[in-house]
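2 protein chains.
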Amino acid sequence: MKLQFWYDFASTYSYLAAARIETLAELAGVTVEWRPFLLGPIFAAQGWKDSPFNLYPVKGEHMWRDLGRSCDELGLPLKRPGVFPRNSILAARVALVAAEEGWCPSFSRAVFHENFAQDRDIASPEVMGGIVEALGQPGAAVLARATSDEIKGRLRKVTEEAMKLGIFGAPSFTVGNELFWGNDRLEQALRWAAR
Amino acid sequence: MKLQFWYDFASTYSYLAAARIETLAELAGVTVEWRPFLLGPIFAAQGWKDSPFNLYPVKGEHMWRDLGRSCDELGLPLKRPGVFPRNSILAARVALVAAEEGWCPSFSRAVFHENFAQDRDIASPEVMGGIVEALGQPGAAVLARATSDEIKGRLRKVTEEAMKLGIFGAPSFTVGNELFWGNDRLEQALRWAAR
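Chains C and U, in that order, give the protein sequences.
Position in the first sequence (first residue = 1) + 33 = our numbering.
Position in the second sequence (first residue = 1) + 33 = our numbering.
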């Protein structure tokens, strides 16, 4: 069965899941659909105007330490972003264009790398354009399409869809209506999809 | 190195950790110290007067589903408690007595079983007394000691110690000052302790 991978480019643990999912899914024989969405409106619906890791500093402090330990174990580079959470709207819009055209996974991994390994501003059109061009795509044309009303509306609809599925954090994985929350549930979600 | 296992008897994921920790620690060659504490005062310090799983129902709904799937995979029985979270103060006090006397792990697993597999009220002296007696200990004497000023004060101190270590949820694991939060980090915490 197909697994949907829901992620926000500002989400730290989505970075880990994006780095891990393709190899694990291939081993499990599961097809993955990459579903970029926005966590901000979902947090707002819970009454949070910021990341819970900022609202609850003790929890946030542990998160950065935990992320560092997990990146060490995975051999993934990590440089704590100077701004957290970064505005991920433009990156999510470009990812929807990338999904139409079949280059969403490599684009997404590159965005996570810029945010969490390079501490670059993923809200910047220049940074986004650079990633798009590095993937051999036309930067200006892709950015123009990403900021069209059609793509803006699609991102709103995707985020509404996430909310209807009960998604409240990122990364999340769905197999039909079955919801798995968190990078730590990736393996279990793949087992569910494979059975 | 020694690993400290911090848990609250009302905490769902502490039930899983309590069921898993001894076998995994033995395989890792790590000594475990069982540290019952109270999450309530720590939640209160974050401004929460209830479990976050009740305060954020969408998150709570996922938690029960996730717990069910994880219990299925582990072969652990689960019956959703009629009251959540249950008042865990008496059980934590008895656990401190048990820790003095060397029967804390088996007592703790029995309390988790009553709460999460039998849906019995772990705040009840009768239920606590029954568990204590079933372990071959004198119920009335243990309960009298558990409700002494000395043990009450000790539980307050343990909870302050947890807060000082940066603990904000349960289960947590500490190796020296290194903090690992959540049942999902048990294996990583053991690797840290073993290295």
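Accuracy of the hints is not assured; some may be wrong.
Repeated chains share a single entry, so a pair holds when one copy, or any two copies, can fit it.
Stated by the list, open to error - Within a straight-line C-alpha distance of at most 25 Å, the following computed SDA-like cross-link-like pairs (lysine to any residue) qualify: (1) Lys-35 / Ser-181; (2) Lys-82 / Arg-224; (3) Lys-197 / Leu-129; (4) Lys-82 / Met-96.
These are computed hints drawn from the structure, not numbers from a lab.
Bear in mind the structure is a predicted one, so any value in this text is a computation, not a measurement.
Status of the hints after comparison with the structure:
no.: 1; hint: Lys-35 / Ser-181; verdict: neither (29 Å within a copy, 57 Å between copies)
no.: 2; hint: Lys-82 / Arg-224; verdict: neither (35 Å within a copy, 37 Å between copies)
no.: 3; hint: Lys-197 / Leu-129; verdict: within (19 Å within a copy, 44 Å between copies)
no.: 4; hint: Lys-82 / Met-96; verdict: both (19 Å within a copy, 23 Å between copies)
When held up to the earlier numbered hints, the structure conflicts with 1, 2 and fits the remainder.
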